[in-house]
Amino acid sequence: MALSARDRLIKSKKNNSYGELRGKILVTLCALIMITATISVTVFLTTKGLQSFLVNSVSPIEFLTSTNWNPLGDNPGYGAFPFIFGSLAVTFLSALIAAPIGIGGAIFMSEIAPSWGKKVLQPVIELLVGIPSVVYGFIGLTVLVPFIREYSSGTGFSILAGTIVLSIMILPTITTIATDAMGSLPNSLREGSLALGATRWQTIKKVLIPAALPSLLTAVVLGMARAFGEALAVQMVIGNVRALPSSLLDPSATLTTIITLNMGHTTYGSIENNTLWSMGLILLIISFVFILIVRYLSSRRKI
Amino acid sequence: MKKTKLLSIAALLILVIGLLAACGSGNGEDEETGGNDQSDSGASASDDTSSEDEGASEESASGSITISGSSAMQPLVAAAAEQFMSENPEADIQVNAGGSGTGLSEVSEGTVDIGNSDVFAEEKDGIPADELVDHKVAVVGMTAAVHPEVGIEDISKEDLKKVFTGEITNWSELGGADVDITLVNRPDSSGTRATFVNFGLDGETPAEGVTEDSSNTVKQIIGETEGAIGYLAFSYFTDDSVTPLSIDGVEASDENVQSGEFPIWAYQHSYTNGEAEGLAKTFLDYMMSDEIQTGLLPEQGYIAATKMEVERDAEGNQTDK
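Those protein sequence lines, which keep their order, are chains B and Y.
Taking this note's numbering, the leading residue of the first sequence gets 1292, the next gets one more, and so forth.
Taking this note's numbering, the leading residue of the second sequence gets 293, the next gets one more, and so forth.
Rather than coming from a laboratory, the hints here were simulated on the basis of the structure.
The model shown is predicted, which means the values in this text are computed figures rather than measured ones.
The reader is advised that the hints may include incorrect statements.
Unchecked claim - In silico contact screen, one side only, chain B against chain Y (beta carbon under 8 Å); selected entries:
no., residue
1, F1376
2, M1527
3, R1533
C-beta atoms are modelled at their ideal positions from N, C-alpha and C, and glycine is treated no differently.
Given these sequences and hints, build the entire structure.
The following block contains the structure:
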């Protein structure tokens, strides 16, 4: 014990700053890896996605607006509009179904039955998240598609089937985020409203939902982003037809399903492969739009 | 302030590095293919001295190769590779599936040793077909398959075309049950579709229908949907859930494909970049051996390439052997 108290203090400080530095480097590295990954994927996808326009001189306007998709025909057409439309259609329709149910579930969990509601619903939601998308697709193919076929004139493969499968898949995303949003509302809001003589339902409807609205919308948009990117489950039930659908019961195709269906069969650098990359780029751009909407909504959050 | 500055500089740096890497890899690919050209000529030169090669092949059943490509061929090649490896414990053969296009791309880039494809390399854009060497390891026959309750087992080619182009929309027009026809297609780029369109429909474009890639899914859809028709390889006709159709009275059987009477069939190709060498050559020779051609192939539902009495070139012209 030759060390004086002063020495020991200096030594421990040294050790401490050493650990500080190491920790700082470690987390900075993690952050850098994440940033690098995102930027390189974006750069790669952009260069690949632009090839069909720059190298193969496909007209971007034709690509975005034409409904004629026939990349291998004698008179090839590269119109991806039916797929863009299909992607957006199933995304919005599934959000239309899942948003009320998800937000309703969230309100039930946070306002109506906070104790046992959470105990029951939480595991249910976690279970829904855990089911792999291929299983959703398989159930859709063996149960949902025959069911729709039974009660309609078509084949059962339809936007409707895709929408239902997707809305179940995005339900957990919406419910979880919406529950957090409702839970983070300060109790003073509820108490204030109740003190004014409002009933529980009036409080929920007139005070809590408006207060949490930006967060709830964020939940819906994030759910839509998930639906937009889903490929496998949708591919199994939507029918993957190039024609523009005219009703909910018509088969359709989405950007993701066309990419997964054709990617393996096409050769690198061929025009068809390049147009698939362009579809990937469109997916990325629309996802960015979703993120921008989320950021905008978050900035508007009042509480 | 300082931190944001630092961060933005870091982000910029990464972007620049990423861009450089992207450009760099582009150059690298070019060089690589150039290098392959050279090694090709070297390989063909050394092939002239075939006695040397044979001597080497006995010993070269070791090492490791990677095979990629057609997912339809994957089970066959994987099974053959497994047998081969149990006989040659020194050898290591990896068989991946990724689709014919992927296989052809990867073998021409030199990332894999053998690329499997269910279409001729000449039929795919962007593939230097003259640099690749074709090994036709198997033949697969396919035919139209219908839902069992359609009530048809034989169809003329003319009617088949009318069904797939949408001219005939109800099975009663062909003497079957009174149900509407539902088409089940494959994606445009699929090799199965290309074969069926070329040899079953004489090149006529099928009308729109449900499109699925996996043969199992196609089989399930046909089996469950009233009035459905699609096309499947012979190996999928293992039960009564779908009915295979005879075409122009010719039954869809292995024998009829071998004799050239049944029109819809395709080679299963294994491509190498330049002449096969070393383990790749040994393995491809093994694939063509009687052990595989008459043993494993029929077991897996394929037709032996060595038993074919007719042959076909990349343009689809069929000639007697």
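Against the structure, the hints:
no.: 1; hint: F1376; in the structure: violated, 15 Å
no.: 2; hint: M1527; in the structure: holds, 7 Å
no.: 3; hint: R1533; in the structure: holds, 6 Å
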